[in-house]
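Generate the whole structure from the sequences, applying the supplied hints.
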Amino acid sequence: MTSPDMVICRCEEVGLGKLLQTAAAHGCSARELKLRTRAGMGTCGGRSCRSLILAMLEESASQAPGHDMPLGCQPPVRPVSFSMLGGTE
Amino acid sequence: MTDVLIVGAGPAGLSAALACREQGLSVRVVDEFYRPGGRLLGQLHEEPDGQWWNGLEEAAKLHDKALQAGVDIRCGVSVYNVAKADGNWQAFTTEGVCEVPALLLATGASETAVPVPGWTLPGVMSIGAAQVMTNVQRVRPGERGVVIGINVLSVAIARELQLAGIHVDRMVLPALSPVTSSAGHPEKVMESMLRVAHLAPSPLIRLGSRLVQSLGLQKRGIRFYPSGGIRMWGIPFQLRTAALEIVGTGQVEGVRIARISPEGVPVPGSEKIIPADFVCIAGGLSPLAELAAVAGCAFAYLPSLGGHVPLHNERMQTSLPGLYVAGNITGIESAKVAIAQGTVAGLSIAADLGKLREPEPLRHAMERVCLVRQQAAIQFHPDIALGRERLHQMYEQAQAM
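Residue numbers (our numbering), protein chains in the order written: chain R, 1 to 89; chain V, 1 to 401.
Don't take each hint at face value.
[Unchecked claim] Below, in silico cross-link-like pairs of lysine to any residue (SDA-like), each with a Cα-Cα straight-line distance of 25 Å or less:
no. : chain 1 : residue 1 : chain 2 : residue 2
1   : V       : K272      : R       : D5
2   : R       : K18       : V       : L121
3   : R       : K18       : V       : E245
4   : V       : K84       : R       : D68
5   : V       : K84       : R       : R47
6   : V       : K336      : V       : G296
7   : R       : K18       : V       : V265
Simulated from the structure, these hints should not be mistaken for laboratory data.
What follows is the structure, given as structure tokens:
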């Protein structure tokens, strides 16, 4: 009872089917799955889908999350304008 | 010159700010929301002793005290990066860079989504969003709502919506899928609800004991669970019904539901569409620790605390000097625990900056956290104390290395 079209990563519009397929085809870690599909790489920085991707890997590939923060966080962790990051010209 | 920057003006951040001020430190608190209070703002529930906990009032009290003490509180300010520079911490905020010897992350928790086909339709919101709309902004999220996901948080908020006169048609489980796992499994949901029922506010106790009394053992209980659900405050709790899809063109118009087996498998022929103009999805809370990750903190994965939490000790020190944590970022617990933890963090910072003359207040504050935890009306997970113990052990091991 899986809906392949159901969106998991809303920012990058990655569906459940694509994630399951990619994970099965390549035996992906969470990080590799992110790099292959872009799930978790959108404007929210994975705040919405990070836990869903981890749950999916645990359920479908028996990969329990480790102690290290998976799908590492990169700054800026909140959406900000380019001007705020520096450079006035 | 600011001694301490606190990220988050919720129960933990504000109480920490107060504790710091009382020891003579200069404190700035920033929060992304336009008013202080954090998760307190939406809370309204009855405690087991019959007293009502009004989060808005609690937030106002803390805010007033902090202002009177001379805390610099700035709302509508986000922190998007933190870095270490010359022994200080730099916080990159939307109001510029703030450099301080001590940085406290009291960023709280974020909600976990429950993906169900159609969950991206307008009119679908997290249960916490419905809580903020209703109790903070005083806006009705809709006329007829369905809650998908039955857990401690969603039960408490459904009651709040109902108190505000908003019609909650029913609470159901999400359809079983690789991303919803145990939240779509009636037996597991019932088990987790019963494990917390003895500590929860009185109506929950009644629900818990009613389930046990009228249905006998849990496993048998869920087999004979009435198809219309069990009503609490007039809201049907349908543990044997799943939302298969949220339907509508352009916005939510209804939910396609089906009866499910005790294992969560839909019963053929039982599908129907029920009308709704808003849907709340509720997957619980997890610690919001992005800034701790960016800072380079060590982490621990402890499901009993809500997921990945920054390693820290009972003094709220992280693995990085000058960086502290308090509140839900350290694990999902009630606001009262967060307030107690905030006091510890504030005193701990004062001690590390050489401003705490006696060690007694800090020791008392640490004891108080344990006491408040034991007495908490709402426990989000039955194994919180064990999770905390494991966390502190891991911290000690990491420090010893």
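Do the hints match the structure? See the list:
A C-alpha spacing of about 21 Å is found between K272/V and D5/R, which places the hinted pair at or below 25 Å, so the restraint holds. Under the criterion of a C-alpha separation no larger than 25 Å, the hint pairing K18/R with L121/V is consistent with the structure, at around 20 Å. Taking the CA atoms of K18/R and E245/V, the gap is about 19 Å. The hint holds against a cut of 25 Å. Among the hinted pairs, K84/V with D68/R is consistent with the structure: their alpha-carbon atoms are about 20 Å apart, no more than 25 Å.
Distance hint between K84/V and R47/R is fulfilled; the C-alpha atoms sit about 24 Å from each other, no more than 25 Å. Taken as a hint, the K336/V and G296/V pair is broken in the structure, with Cα atoms around 28 Å apart against an allowance of 25 Å. Using a Cα cut-off of 25 Å, the hinted pair K18/R and V265/V holds, with the two alpha carbons roughly 23 Å apart.
Violated hint for the displayed structure: number 6, the only one.
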